[in-house]
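S.K.: Sequence:
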Amino acid sequence: VDIETRSRADLPTVGAYRYACDPSTEIMMCAVTTATPGDPVYLWVNPKFEDAGVKSDPEALALLEQAELVYAHNAPFEQPVMAMTGFQPEVPLEKWRCTMAMARMAGLPESLGNCANMLNLGLRKDTRGKALIRLFSSPQSDGTLSEPVANPTEWKEFCDYCRRDVEVEREIYNKLKGLFDFSLVNLDTWLYTLRMNEIGIPVNVDALRTAKKIIDEVSRLAVDEFRTLTGLSLTQREKVRLWLQKEAGVRVPDMKAETLAELQTTVTNPNAKRVIELYAQLSYAAVKKVDTMLDWVCPDGRIRGVFKFYGAGTGRWSAGGPQIQNVKKATPAMRRLTHDAYRALCEGITADEMSAVYGDPIEVIASTVRHFVHVPGTKMLDADYNAIEARIACWLGGETQALRDYVDGRDRYRAMAAKIFNVAEKSVTPDQRDLGKQAILGLSYGMGMAKFSASCEQRGITIDSALAERAVKTFRAAHPGIVKVWAAFDSFARDAVSNNQNAIMRLGDGRSIRMGFAVQWLPDTTKKYLIVMLPSGRKLAYLQPEIQGNELVYWGQLPMSVAFGAIKLYGAKIFENVCQAVAADLMSHGAQTASANWMPPFALIHDQALAIHHDGVTPEQFASALQSLPPWARGLPLKAEAKSVPYYAK
Numbered sequence: 003v004d005i006e007t008r009s010r011a012d013l014p015t016v017g018a019y020r021y022a023c024d025p026s027t028e029i030m031m032c033a034v035t036t037a038t039p040g041d042p043v044y045l046w047v048n049p050k051f052e053d054a055g056v057k058s059d060p061e062a063l064a065l066l067e068q069a070e071l072v073y074a075h076n077a078p079f080e081q082p083v084m085a086m087t088g089f090q091p092e093v094p095l096e097k098w099r100c101t102m103a104m105a106r107m108a109g110l111p112e113s114l115g116n117c118a119n120m121l122n123l124g125l126r127k128d129t130r131g132k133a134l135i136r137l138f139s140s141p142q143s144d145g146t147l148s149e150p151v152a153n154p155t156e157w158k159e160f161c162d163y164c165r166r167d168v169e170v171e172r173e174i175y176n177k178l179k180g181l182f183d184f185s186l187v188n189l190d191t192w193l194y195t196l197r198m199n200e201i202g203i204p205v206n207v208d209a210l211r212t213a214k215k216i217i218d219e220v221s222r223l224a225v226d227e228f229r230t231l232t233g234l235s236l237t238q239r240e241k242v243r244l245w246l247q248k249e250a251g252v253r254v255p256d257m258k259a260e261t262l263a264e265l266q267t268t269v270t271n272p273n274a275k276r277v278i279e280l281y282a283q284l285s286y287a288a289v290k291k292v293d294t295m296l297d298w299v300c301p302d303g304r305i306r307g308v309f310k311f312y313g314a315g316t317g318r319w320s321a322g323g324p325q326i327q328n329v330k331k332a333t334p335a336m337r338r339l340t341h342d343a344y345r346a347l348c349e350g351i352t353a354d355e356m357s358a359v360y361g362d363p364i365e366v367i368a369s370t371v372r373h374f375v376h377v378p379g380t381k382m383l384d385a386d387y388n389a390i391e392a393r394i395a396c397w398l399g400g401e402t403q404a405l406r407d408y409v410d411g412r413d414r415y416r417a418m419a420a421k422i423f424n425v426a427e428k429s430v431t432p433d434q435r436d437l438g439k440q441a442i443l444g445l446s447y448g449m450g451m452a453k454f455s456a457s458c459e460q461r462g463i464t465i466d467s468a469l470a471e472r473a474v475k476t477f478r479a480a481h482p483g484i485v486k487v488w489a490a491f492d493s494f495a496r497d498a499v500s501n502n503q504n505a506i507m508r509l510g511d512g513r514s515i516r517m518g519f520a521v522q523w524l525p526d527t528t529k530k531y532l533i534v535m536l537p538s539g540r541k542l543a544y545l546q547p548e549i550q551g552n553e554l555v556y557w558g559q560l561p562m563s564v565a566f567g568a569i570k571l572y573g574a575k576i577f578e579n580v581c582q583a584v585a586a587d588l589m590s591h592g593a594q595t596a597s598a599n600w601m602p603p604f605a606l607i608h609d610q611a612l613a614i615h616h617d618g619v620t621p622e623q624f625a626s627a628l629q630s631l632p633p634w635a636r637g638l639p640l641k642a643e644a645k646s647v648p649y650y651a652k
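Okay, so the sequence shown: first residue is 3 according to our numbering, each after it adds one.
Hints are not guaranteed to be accurate.
With a straight-line cut-off of 20 angstroms between C-alpha atoms, the simulated SDA-like cross-links for lysine to any residue are [unchecked claim]:
| hint | residue 1 | residue 2 |
| --- | --- | --- |
| 1 | Lys214 | Thr340 |
| 2 | Lys645 | Pro378 |
| 3 | Lys330 | Ile217 |
| 4 | Lys486 | Asp497 |
| 5 | Lys214 | Gly361 |
| 6 | Lys486 | Gly450 |
| 7 | Lys331 | Gly361 |
| 8 | Lys570 | Gln559 |
| 9 | Lys50 | Ser148 |
| 10 | Lys439 | Ile463 |
| 11 | Lys214 | Pro378 |
| 12 | Lys421 | Ala480 |
| 13 | Lys275 | Leu234 |
| 14 | Lys57 | Ala152 |
| 15 | Lys641 | Glu391 |
| 16 | Lys50 | Glu28 |
| 17 | Lys330 | Asp342 |
| 18 | Lys381 | Trp600 |
| 19 | Lys179 | Gly124 |
| 20 | Lys290 | Ala224 |
| 21 | Lys290 | Ala353 |
| 22 | Lys381 | Ser626 |
| 23 | Lys214 | Asp362 |
| 24 | Lys439 | Lys652 |
| 25 | Lys158 | Arg136 |
| 26 | Lys575 | Val485 |
| 27 | Lys290 | Lys330 |
| 28 | Lys310 | Gln327 |
| 29 | Lys290 | Thr237 |
| 30 | Lys50 | Glu61 |
| 31 | Lys214 | Ala332 |
| 32 | Lys530 | Met120 |
| 33 | Lys50 | Thr146 |
| 34 | Lys486 | Gly444 |
| 35 | Lys97 | Asn76 |
| 36 | Lys132 | Ser9 |
| 37 | Lys652 | Leu339 |
| 38 | Lys214 | His341 |
Think of the hints as simulated: they come from the structure by calculation, not from any bench.
With the hints as constraints, model all of the structure from the sequences given.
M.R.: What follows is the structure, given as structure tokens:
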């Protein structure tokens, strides 16, 4: 199916659920066809628009009513819009599937047009669509909605466009269904993600409105002061950079936050110092989340549709809208104040009062953003998985001693630090333990000396090259099983790509963990994949793998870009992907177990799960459900720790 809608709500601004429940939102048409190539496409047209010249096909709704499964390209849009606008026949949530999600599983562009292009389909998306959507789906510049009856030629084109989209979706489905269907873990996780998005993230709307009022007031004054000092607006980034360079008398290479923070400690010119301070204040991404939360929130105080199934290539979730997975960490000085400051926001504090008691209101609110995930008068269950990827790495590598240490509750960070610094465990200092922690959490994926040193620096740990080298060597000597798996993964992947040699391998203590490597082709295409079969039975897929020179590469989306290109692949990188994928599978299983026991998580944020704390359940029960193991994960010492909290506070 494919629907076309119109609304006074702006979909990119408010998200699918808030768009769906807006009173002005209505479905204009719905195109329906079967999965069988060549079958006709039927179109239902909203009766109020039938006088524009295109009549409904009676078969459209009948076909939809009889369907066992319903696919759409971006089903997390169609599903809530059709449900919340009262569309009939109703399609139960459990029937929905998604060709866009299949494209993500296959490592393809998720947009319909780009996906069709990369698959070299016979049918392509109609490029006229954007103009037609602008005409019919959103208000015009004068605030009116274009009526189909006044634009009959364009309306017929719009109906044809909707039909064409369904045909393209069907071609994508038929190309991908063999390798990238919804089955096993993928089906369970897909349906759970739909349900989690339907539950929604509760937020304290009153506190958000107070925060927005303060932000608007403070920002208005800051913008005026910024313009008075510079004669420029905040958006004139390059001109601001040149102004600063002139005033400060030093080179200003860019306007990145870290560059400006460093300048602020060295610049003596008071005007330049103040401009840097104002620029940083007005650029806080975290406070923009306040606006986004208010834009996305539904009338019942919940933000829905945030989490994207298979948002990362390993199968982990990503998040849209307010980006709840990417929230600014409070500075150490601010961390002590955030709870008091947030309670003051709940009580309606003013900008002047906040400034007098807590300091810069923008920084204070930016530091409290997590706390807005809150239902006043109700507690939450907040659980963290303890070192989930490090535990998985040791499980896959068959690191018997490390697994025993986890079971016994030994402090592995302290133990690793003792080895690195060659001291007794009881003598390890807090700073040394921090380095041991970074080694345990960061060195399982083949990181070398320079990268490890840089990663430590990002976390406020400064080490010289000799200590970095010692840490890397010590970790590898203590984890020979993990190092061995890097080499095995590299060898199996190269053999599969070079010689079409499929392999089943056994990993873990006792070699009870089953994985596989193979090269498979998409039917009737020139697209091939390196497939890595996970212990759960789910697949990791690397598109168009090949050996270039001495390097194994695949075709994927480049970091920090929408473009696709060649990406280097090697044993330790595959191991990292596998560990992250296994973590996603375990979190999905745990969340579903918690849901079956009346503790459904409404958010999975990195290695953390949040749920409403209802009477009759305990944090210990929540943790126990989350750490429950599926049969394929026997022997993995998974651990979750949970507590009851008034609001999200990590």
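S.K.: Output the numbers, in ascending order, of every earlier hint that fails for this structure.
M.R.: none
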